[in-house]
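Asker: Two chains, each in its own frame: build the complex with the hints.
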Amino acid sequence: MTDFNGPRRRFLQTGAAAVVGGAALAYARRAGAQQAGAPDVMDPIGASVAPPKGSALYQRFELELKVIKHELVPGVVVHMMGYGSQVPAPTIRVNEGDWVWVDFKNTNDEMHTIHWHGLIVPYRMDGVPYLTQDPVMRGETYQYVFQARPYGTHFYHCHFGTSMHMQAGMYGAFIVERPDDPIRDRFPYTRDHVLILSSIDTVFVRAQLNAMFARMKQRDAAAAGSGLDLASQARYHDLAALRADIAAGNAPPYARSRTTPQAPQPNFFTINGKSYPATEPIKVREGEWTRIRFINAGNVPFSMHLHGHDFLHVCTDGAPLPEPVRMSTIPVTPGRTEDIVFLADNPGLWALHDHDVTHTTNNGIYPGGAMTDIEYEGFTSDYEPAVSLDE
Amino acid sequence: MAGAVAIAALLGGTGAASAQVDPAEPPADPTNPDVEPELAIGIRAVTSVNGALTEDGDATSAIDFSDTYVFLRPRVELFPSGTRAGALFGVTFPDVYDEPGTVLVADAHAFLDDRWGTLRVGRGRLKSRLIPFPTLRDDDLVRYTDVQNPFSEGLSTADLQYGNTVDLSVWPTPRWYVELHAENLPASALRPVDERAFRINSVGLDAGYRQIPALAQLSAIRQLAVGVNAYHVKADDQAWTGDALAAAWLGPLIDPVHAIDLRLQLGYGLGIDGVTPDTPEGTHQARAVSAVASLGYTYRRRLLPTLRTNVLSGFRRYTEADRSQWSVVANGFYALGVSVEVGVQYQYQRNDAALPDAFGEDQEHSIKLALIGRFETVFGRLFDERDSLLNTEGGYLP
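Protein sequence lines correspond, in order, to chains P and V.
Just so we're aligned: 358 in our numbering is position 351 of the first sequence, and the numbers increase by one with no gaps anywhere.
Just so we're aligned: 1305 in our numbering is position 25 of the second sequence, and the numbers increase by one with no gaps anywhere.
Source of the hints: derived by calculation from the structure; they are not laboratory data.
C-beta: ideal position from N, C-alpha, C; glycine also.
The reader is advised that the hints may include incorrect statements.
[Unchecked claim] Beyond 10 Å from chain P on every Cβ pair, some chain V residues (computed):
(1) Ile1343
(2) Tyr1349
(3) Glu1379
(4) Leu1392
(5) Thr1437
(6) Leu1448
(7) Val1458
(8) Leu1485
(9) Asp1486
(10) Ile1501
(11) Ala1573
[Stated by the list, open to error] Between beta-carbon pairs, the in silico distance windows are:
(12) Leu1649(V) - Thr340(P): 55 to 63 Å
(13) Trp1520(V) - Pro268(P): 52 to 60 Å
(14) Leu1485(V) - Gly91(P): 41 to 49 Å
Pulled out of the complex, with its shape left as it was, chain V reads as follows (with noise of 0.2 Å):
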């Protein structure tokens, strides 16, 4: 009750008045002009056909809209200029064998941003990875792409990807970035109530280059990085872990027409002193080193969206309890349009034989057939980005 009150104070009133907001009630000073936000919506529509086959033989098949994403960013300027803020929701829809109407609230935070950095508030996408890889889904490689939340109970990919995060990201240069990130990381839903961790218990650090959007595709190098973790487990006998990460995202061939891009990143988990994989949970518990990588190739005909296509592998060793999973991935994409695509994703699992049954059957061998859509549009456009062409080569303008 203490943190409504807190909020209905910083949006101006008690929590009573806020509660009781008539909207025919004149806004508090009418004298001021309307300042109409930029508003930008979309949809990230991800549906596919979905089959399976496990090393027992036992086939299963789904029709899949996870992932599919919907969101709305409003946008305004502050006083006197330069600086903007802005506020994203995001929902989506988390898993295929969710109940029918779950939705899972990917964003809901606010932000303020100018030419020098960025700071964030609020739940979204935490930094629990440095660079993004080609798969259909951002989860179908998540156990290798993303840090294991020490908090989770190993059973929802989401604890990995989403959190309650304030952040700071720095950018001394258009190119250059440093981003000190705070998380209240979540536990899965499954445990108590009074056992989640309703605390700050997770920090870090991460450092890199990143080429601006519209150089990406025409640059050798396009984003390194480093970040660490530290996590507050008060665990018996160990307050802390932590993980440090590494990432390159290369361009070997940086033709516009026949791009191949290369991306490979590396972690290393402290884990708990005594944890093993076990169980759901101690797989994200558990000391571990991690690898990812995926070579691309990407055909632009008359520079306009064609064909992508990607292969991946990830794996990921429990080194004190020498057990390991890994997966290949080999996808490709073909573009219908600017923003709508057709796929097929194959994707081979396998998990040592000692893991939980959390990760599924020990071998596993998966197909989706995709139609990707990414519908975007903004309204009553106000600002340039930070990182746009003409900011980053011609001078920044807010």
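Extracted from the complex, chain P is given alone in its bound form (with noise of 0.2 Å):
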């Protein structure tokens, strides 16, 4: 049986763009022709401040994607692509100033990139498909390598298809930190959560990976074949060259003679992954300070706001605030990061959702979606909490 994790064919062997295969090997050779005497990694600083290959002075990830069977909630499993077979992706914890190498390995036929969102990175290590890069293909392993910086929260998610990759699972958290971290210095937390935010559409999803990797076994069959042109795969040189094929006669896939509008719409909102009852509980200890990090890496804007506490909003996109500002309730819109800290001084049970509350459920029924609840360690309730699935 072929599958998504079998051996890969190449394509795109054509025109202008030319893929990256043995990743770090096409990547010098590519830097080679424009600059004589280039080194393999692109450096933003400065050859010389750049490790040697193979120093243990890099801190070394290996990602490898696949698609998964993932549980959003107690029987609802869908499929999905996961970095590291998971969904969200590693946790990637780095200092600021260290030496980043990503192995990136793609084992399934549709292309793919990372982004390092939030990262300043070299800009052929930025991820973008055709801007900075090729794609990575099927059975290609593509290495990422720069300097971690930066400091605060960040995540990293495929830019390729980015609308359904990030909704497949295509991101997972990149956090930077710092041993003298202005956060920690000022409020002693004990505690450090990361929430990743994101939103599916179910049907969607699986109607598009299914289109999509059905169109990539044409394209790779005709790559094999009589050839696979750039036209094919609706690929151009620039904006002129679509002109110009567009005024040949030819549609662009987005016409409405080759599609019919197919805007998600999603049924599920998850907290790293999962859905409320399946979402992860957040431990907290009484008398402590406690981080959290909010990451949106879906499509919808999130309202997070947290039952029996204010918090104090201390990072957005990483940066930390002039000065924190207090507050229950916080926007959390798409591709941001958002920090808050709270002292933990109210022992019990609390809730901690979205107050959109159309993302508090599950194809519909609530309770369900972006919800979790903060539990004190050690606090035992005179009422015997349960779970409710239909209310």
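Answerer: Shown next, in the form of structure tokens:
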């Protein structure tokens, strides 16, 4: 059986765009073509600063992408795509200034990249297909090498077919720490939680995954057969080439003759890939500070509300605010990261949820979605909580 | 009447109560939330301008919309999950020469479907062929592509294609299948009512390999199948007869831009002893061998539907009577859009002079200029298909 994790077949060897193959080797070859003697590793600061290849000074990570079956909530299992075979992808924590080396291996038919959202990386490491790199094909391993900066809460995600691939699970947290963490200095938190918010239209993702994989298999076979031109992939050298192609009577893939509108309508809303009641509760200890890093890796805005406490908004997009802002509900819009801290001074069980309550549903049934709770360790309630699924 | 009462009981009431449903009456269990079914609707419009010329020089022409098909298919998921239930209702317009308003109910069946198989009960397409052939209309070569229904008067091709059936398809793997089916094969409406076969009079077994739809164009082997059928004909000296089929659908050139496909089906019908093909009915009951083959080329510019062309030939020989008939078809279709084509089909039909007139003239040339559209949409989409790429290669999910 051929499957998503089977041997690769190359295509796209056409026109101006050559696929990255053998990752660093091809990457170096391309760099070398532009600048004789260029180092294998692009370096934002200077080649003399980057550790040599293979050096133990790199923080190295391997991310292999696979199609997985993922349980959003008991009774709802969907196909998703997971870096590291999980949703969300593994959290990467490094110190500011660390050199990071990520081997990204694509084992499915679709094309992918990794974009390091919020990180200042060399432009050729930014993971935007056809702008900074060719997408990573099936069976290929691409090496992303950069220095971790700036400090703060960031994330990474696929930048190919972004609206679908991110819904399908291709996102993970990237935390850049600093020994002299300004937030911990002021609010000595003992717990640090990452909450990645997202949403998924399970029907849209399923249909799109099927269509994308089918399309890629067609292209793959065409490349191995009579050949595959750029136009068959809807790729053009520039906007003028696109206009010329349309003028010649060819319809682009977004034309009415070739597609109908397919805007996703999310039916599940997740925290760290799970919907309530499958979301993990957040454990706190009375009298201690807790930091929560919200990352919106989805395509709808969230409005996260904490019961029983006020919290302090301390960072946006990783950057510390000039002064913390006291609030009980914080908007987290798509692509943003927002960090809060709070003092656990009100023992009990407290809801933490999106206050756009349409997002606290599972397939339209309340309660569900982007909701979890704060649980004080050692707290004994005089009320026995239960899980309700249909209020 | 007893049958009507039984059906009403299945629906949850007596016949009398079901006949008097008050649309204003609330549902029996108002606390249950509504579960809206996924609903697929579609039309396959096949229209053409036909011209024919016989060996006697007689020319005919017609404007034809036969084989146009309209369908409706709701599906829901059952408790707890993983099994689907649905129904398919489809009508087609049988023949250009039928009276205006004549509509054939092609599909009216309910089904249960899960990872391992499908159970279908009701009226639907018979398992009378193993693979489809690319003619303009699905009955252009029906006497070669479909096994003969020994209960038919031999005057309606629909007798070969549609009937009341119960069939169970089992899929041990996504590509290998076994189908067990039983039919209440229709007799022509021309027969007196008391002579029609209102009984389960046919059973059959098919088995084979079929590539999943998303990969069919990319595979050297698209389908391999064998099948046998047995018919309880209750003839004077013979209670049963039967037939056997074998088919292959291959892709010798699997380039998705320039694709070649090759299809072949062979059939052998035991027939009823002593019956000769002197009458239309006899052509369905006489011993015969048949073969049909097609060679097709498809061009998909920019991987979009562009041009497809086919050459087909069918042959049937009545072995005991030493008579035969054959036909050659050539067609070509050009895509005006993703689901709309214009096309032309030429057909030459040659019948042994001793065969009955029901087959038409001994020789006939026909040509059809066609406009074809396939329009389908799904509302409230709920399900993936058993043989989707994700379910086949990423692990099955209901």
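Asker: Would you mind marking each hint as holding or not holding in the structure?
Answerer: Hint by hint, here is what the structure shows:
Its beta-carbon lying about 27 Å from the closest one in chain P, Ile1343(V) satisfies the requirement of being farther than 10 Å from that chain. For Tyr1349(V), the requirement that its beta carbon stay farther than 10 Å from each beta carbon of chain P is met, with the minimum near 22 Å. Against the 10 Å criterion, Glu1379(V) stays outside the reach of chain P, whose nearest CB is about 38 Å from its own CB. Distance to chain P confirms Leu1392(V) as a non-interface residue, since its nearest Cβ pair spans about 20 Å, more than 10 Å.
For Thr1437(V), the non-interface assignment is confirmed: its Cβ lies about 34 Å from the closest Cβ of chain P, beyond the 10 Å cut-off. No Cβ of chain P approaches the Cβ of Leu1448(V) within 10 Å, the least distance being about 25 Å, so the stated non-interface status holds. Against the 10 Å criterion, Val1458(V) stays outside the reach of chain P, whose nearest CB is about 19 Å from its own CB. Annotated as non-interface, Leu1485(V) keeps its C-beta farther than 10 Å from every C-beta of chain P; the closest such distance is 26 Å.
With a least beta-carbon separation of about 23 Å from chain P, Asp1486(V) lies farther than 10 Å from that chain, consistent with its non-interface assignment. A cut-off of 10 Å between C-beta atoms confirms that Ile1501(V) is not in contact with chain P; the least separation is 14 Å. No Cβ of chain P approaches the Cβ of Ala1573(V) within 10 Å, the least distance being about 24 Å, so the stated non-interface status holds. Between Leu1649(V) and Thr340(P) the C-beta distance comes to about 57 Å, which sits within the given range of 55 to 63 Å.
Under the hint 52 to 60 Å, the C-beta atoms of Trp1520(V) and Pro268(P), about 57 Å apart, fit the expected range. In this structure the supplied range 41 to 49 Å holds for Leu1485(V) paired with Gly91(P), their Cβ-Cβ distance being about 47 Å.
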